[in-house]
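**Q** Sequences listed follow chains A and B, in order. FYI, the numbering for the first sequence is 1 to 1060, going by the numbering used here. FYI, the numbering for the second sequence is 1 to 368, going by the numbering used here.
There's no promise every hint is true.
Selected chain B positions facing chain A (Cβ under 7 Å, derived; list incomplete) [what the hints assert, rightly or not]: (1) E67; (2) P244; (3) I246; (4) C299; (5) L360.
It should be emphasised that the hints constitute simulated quantities derived from the structure, not laboratory data. As the structure is a computational prediction, the values presented were derived from the model and not from experiment. Every residue, glycine too, gets a C-beta built ideally from N, C-alpha and C.
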Amino acid sequence: MKKLEMPKKVVILGSGGLRIGQAGEFDYSGSQAIKSLKEEGIYTVLINPNIATVQTDDDMADKIYFQPLNAKTVTKILEQEKPDAITLSFGGQTALNLGLELHDTGVLKRLNIRVLGTPVSAIKATEDREIFKQVLSEIGTKTARSIATYNLKEALAAAKKIGYPIMMRSGFSLGGLGSGRIDNEAELKHRAGEVFKAVSQVLIEEYLMGWKEVEYEVVRDIDGNTITVCNMENFDPMGIHTGESIVVAPSQTLTNEEYHRLREMAIKTINHIGIIGECNIQYALNPVDGDYRVIEVNARLSRSSALASKATGYPLAFVASKLMLGKRLHELKNAVTGKTSAFYEPALDYLAVKMPRWDLTKLKAGDHHIGSEMKSVGEVMALGRSFPEALQKAIRMLNIGAEGLSAHPYEFTDKLDEIKNATDRRLYAIYDALKEGVSVDKIHDLSRIDNWFLNHLKDILETEEDLRMPKTLKSDMLMRAKKQGFSDKTIARLRGNTEAKVRKFRVKNGVVPVVKQIDTLAGEFDAETNYLYVTYHGETNDVKPLGAKAVAIIGSGPYCIGSSVEFDWCAVNTAKTLAKRGKKTIIVNSNPETVSTDFDRSDRLYFEELTLERLQDIADFETPEGIVVSVGGQIANNLALPLAHNGYPILGTSAEDIDKAEDRQKFSTMLGGLGIDQPEWQEVTNLKNAKAFGKKVGYPLLVRPSYVLSGGAMSVIKAEKELELYLNRATHLSPDHPVVISRFILNAKELEIDGVAQNGKLLIYAMSEHIENAGVHSGDATVVYPAQQLYLETVRRAKRIAKDVARSLNITGPFNIQFIAKDNELKVIECNVRASRSFPFVSKVSGHNFIAIAIDAMLGLPNNTAYQTLELDHVAVKSPQFSYNRLKGADPVAGVEMASTGEVACFGNSLEEAFYSSWLATEQQVKGKRVFISVPDEHKLKFIDEAKALQKDGWKIYTSEGTHDFLKKQGINSTKLYKIRDKKEPSLRSAIEGKKFDLMISVPSLIESSSDAYSIRRLAIDNHVPLLTNAETGRLLLKCLTSEELKNITPKYWKEYFPV
Amino acid sequence: MVNKSRPVKTTKTTRINRSSGGDFFSSKTGRLDLSDGSTFGGKMPDWQTGSFTGEVVFNTGMSGYVESITDPSYSNQILVFTYPLIGNYGVSLASAESGKIQVAGVIMSELAAHPSHTKPEISLAEWLKSQNIPVLYDVDTRSLTKHLRVKGTMAGSIGTTQAKPKDMKLESKIISITEPEIYNPKSKKKVILVDCGAKDNILRSLCAMKLQVKKVPYDYDYTKENYDGVVLSNGPGDPTDYAPTIAVARKALKIGKPVFGICLGNQVLGLAAGGKTFKLKFGHRGHNQPCMESDTERCYITSQNHGYALDAKSLPKNWDVWFRNLNDDSVEGIKHVSKPFFSVQFHPEACPGPTDTNFLFEKFRKLL
């Protein structure tokens, strides 16, 4: 047996801001790892600029650096900290890549830092395609064959070698164009010939489309003891990225032979590679002959491992971190049972269905097709004891306006096309096609989805048809529908009834669900598990109600644009505070990428839907003394009123008062009464009124449907013609809601107050300001706290307003107000009587936990502390993290619609330092001194000083025509580049493609739009050139780049900013 | 004496017809009555009549229902599947572990209406029907499993009307061939496979190693014959009921050629050596049983199906506990300190379940 020396100090690399392909799952894995290492007495140092995470709470790692995860900064931190070891596997691809870089550049060796867990050589074997194939072939494991070719002759030879049909993929830059199945040589000659005209490389690959996609989560210790914790099968076969697929755990259509053959191979492969800790292995499995290919091995915790962890209850990250320290699997206990060994494979007596959450419309991605690249921004997981039950639960969990398969908001022009060429709404296209009588076999032919899944969809359809029958609804029919996951609301709709009446009838007839435990071993041993779900396939409850003293917390649901890890932080901190106050806590959430769904974060975890029906089920069973609706973002907030109307106790601000802030008319009337100004607005239901309003207040206008989350479908309208266009589209978008139009104020500042009140009295508040002028969604804005550039008068008045609003709404708990300030005038844009996304940010920057204060307020605990939150010795800047490079065609410009997928925040001694670090922390960097600047006339004057400084600092400046001429008049030299549409050289296009810039500042005009500008922005993203499109942040960044002090920042850890 | 190649049988294939309305065959209300007086409700297919009694046991495997229900060790037992969806991939008769369904009945949450796979020849429902094996589905199997875990395995009856099954020791039916059978007759090395209800995959595993296998009845005395090794198979019921098998095994130990016991064979070997067995409260039935090899501390996930176990303290001198269960520390294998006698309580031949310990066959072969 090998023995490892226990490290004393370990640096953990986090994953940074959330983005497509790398979301909150790494907060889960990092948090578990920190907990596990600390348990061993190890001093932990975490580097992660994601301030909204649980892992960066002060009771987690011993030392936390809110610093960029780049080699330069991290090397400095390692030099300062001198740890004996580092972990690379808890921070996604970011941490893994960074770790490899630190290894390759010799930093780790120089500082004598050991990599915990899987050795770097093994990581490399999984990361490098060629080494990977080589290593696996050593033990006779098959990998997908792929040959890179550079001309037609090579392509033909490669295809011959692999055998038809083959998959042809064009290398880079064409964005999937030219890819596809090729059946014979003649076809390849024709198609490859075409593609080679545009690109230099064509990949000839084995054709695996339509094979089943299966993965295993494998855990291995230093002695080679290996288990597979979970296997998972994709509903969508090969061709669709697993992050874009509906996934079931465990596999459903694999025979025992297939299940265990792949399992055995997984163990053999992972042993051969030499993983220590956790990894995931993905297979393609031929549904006809059982042949297989290994697609890839991820030598780190991944999205799949988070899912497997939640699906089985096995704490993968926690165990993996112990194994990295040299512990053996059998020396660890099964955390769920507390008695049995961690060396075991969970047996499920339920199944889990994971479904991706897309936000393609909000991200303005033109293309809704899904495929080999990830586009989804979050996911949900549903547990049930039948596939239809879990599937329909998952649909509701997504919060996309679908009540289940039979009640979705989509309309299709060509269903069969969307089934064959999958889009984000394929599932619903299939259901609608079945409804029209298209056969299961036909759908299988188009989609290659296994008939087992498709037949279940048909079962659901049959039940829907039976529910539509006019005969009286009997309880056995109702039970059948409930077992297949139909919601009361859907049943009511199909029967022309109301949800409340269906529920009443159901409960009266004893058609109620039962509560079951996730115990990891299918009931074989007694387990004190608190991990629960609700099902109709059962007779008895596994647990007894917690009853009084219990408080239920509604979580955030899936990560999506506008609702992210920050609300998970809020939920976790709520549970923490409640527990401290002697309450029993019940968390309800549906998102497997969260920390709040770790079963040791609450007394009870319900992995369940966040719907009125399910919360009623849970509350009826548990009878808690209160429900917290104000920490889970908008989904939870929207449940306040219906829950209160049904008599459930809401903790904190009353539902009526929450509604008073949500309802524009009521809120406006209230502000009017308080003498608080707000931008002129009007709710319109027809174009005539809208036009009249436009004439009255003048353009631009801001339009949006009422009750929106993160500005969904919000838009700035520059002229009457646009207004017409928008309203035609918008009314189509949401027919139930009228459209709100308000005056859009140009060149104004935005500020926010996050606060906590008790019985209407303000207890604490934090005032922050946006660097961008008004017009950028607050979720996409760069936020400074404490505010640095506000007039004292403005500060005083904002505080006054916050006090008045809190009093008028009789707020008890968290709230957030957004203001617009111009020429000393202050207007309120909106108020949310719930925790906002900036709560973790202001809490960690001010040093006061706003959620803890809010929960204490809700519990009625007196609080007379005077908090100092206005003037701090430091400043912090929160920057948005965008995922534009993941979304082909999306316009990378921040506007009134939120588009960022995450955020980071860094501290500094000055605004510039904090801003610069924070910008770098979004994984961007300026590698040289070549900048392109193009700003519209309305902003040009602002850039004079910065341009002069750049010139003095030796920068090479490129400009657009207008900017060039302007700077020239100021005595600043620059190289003029022609617009794309000018078709003249030197053009901007060839400069970007020729990698001439290290940075681009390209600010669009608010007054006129140009398609050229879009092409430039997109080119910048596609060529990985750092791009800023906002005048204020652009100017600030230029200032930072020419600042001497910022050239060598010494990274400080969080608590260093709070001298005792 | 019969010469055979591989034990593979085929039957006529049938396709599944389903009526609309969720249930794919018409059903009626059914029930399970346990000997302690408790009752669990469910549904039964219309074709099913009468009352069926057996010892109710649960298995936590998530795949391998074909292998499980054809495992002779389950004879006289009503098998409860804790995984709720059973029958998903239909039935491929090639994966059966014996010539027929051996269980006395099956209980599950959902019996698949739409099996899907390229290989299946028949649906599980049709197969059960064809062999008149009772099924009770739409049962809260988790609730039932927890009940059995707390109260221990007990007798139960599946039927439509109330029954009062008794917990007498269920008639010990030994499942074995009556005449020896020879496989791979041309192979040089010859092993005796003592059939106490052997799973076919033990035979397949031995044949795959190019060994000549003489499968003999449970009470057959092979000690006078020429052989290179003995395999004691799995089988149903109480190991002490296999007195003739134990007696012959005792003689084989004197001869000193390699002996390899599997499952019941582990208990038979232990009893032959002079040890004792006892009945576990609810047995080990599943595919995730963790075992540790005592001397190497290497751990393996194993497939198991047994209700009895060897008592570690009863083992005579010169016998060591070879494997232990990591969950309850029970004996999962024994071996002689110097002679080539060893046995495991789990199923190294897998099918169903994990293949981690398949190497034990190779270990045995090398000793021959």
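**Q** Each hint needs a verdict: does it hold in this structure or not?
**A** Evaluated hints:
Among the interface hints, the one on B/E67 holds; its C-beta lies about 6 Å from the nearest C-beta in chain A, closer than the 7 Å criterion. The restraint placing B/P244 at the interface with chain A is violated, with a minimum CB-CB distance near 33 Å, outside the 7 Å limit. Hint status for B/I246 relative to chain A: violated, with the closest Cβ pair at about 30 Å, above 7 Å. The closest approach between the C-beta of B/C299 and any C-beta of chain A is roughly 4 Å, which is under the 7 Å cut-off, so the hint is satisfied.
For the restraint placing B/L360 at the interface with chain A, the shortest Cβ-Cβ distance is roughly 15 Å, beyond the 7 Å limit, so the hint is violated.
Checked against the numbered hints given earlier, the structure breaks hints 2, 3, 5 and satisfies all the rest.
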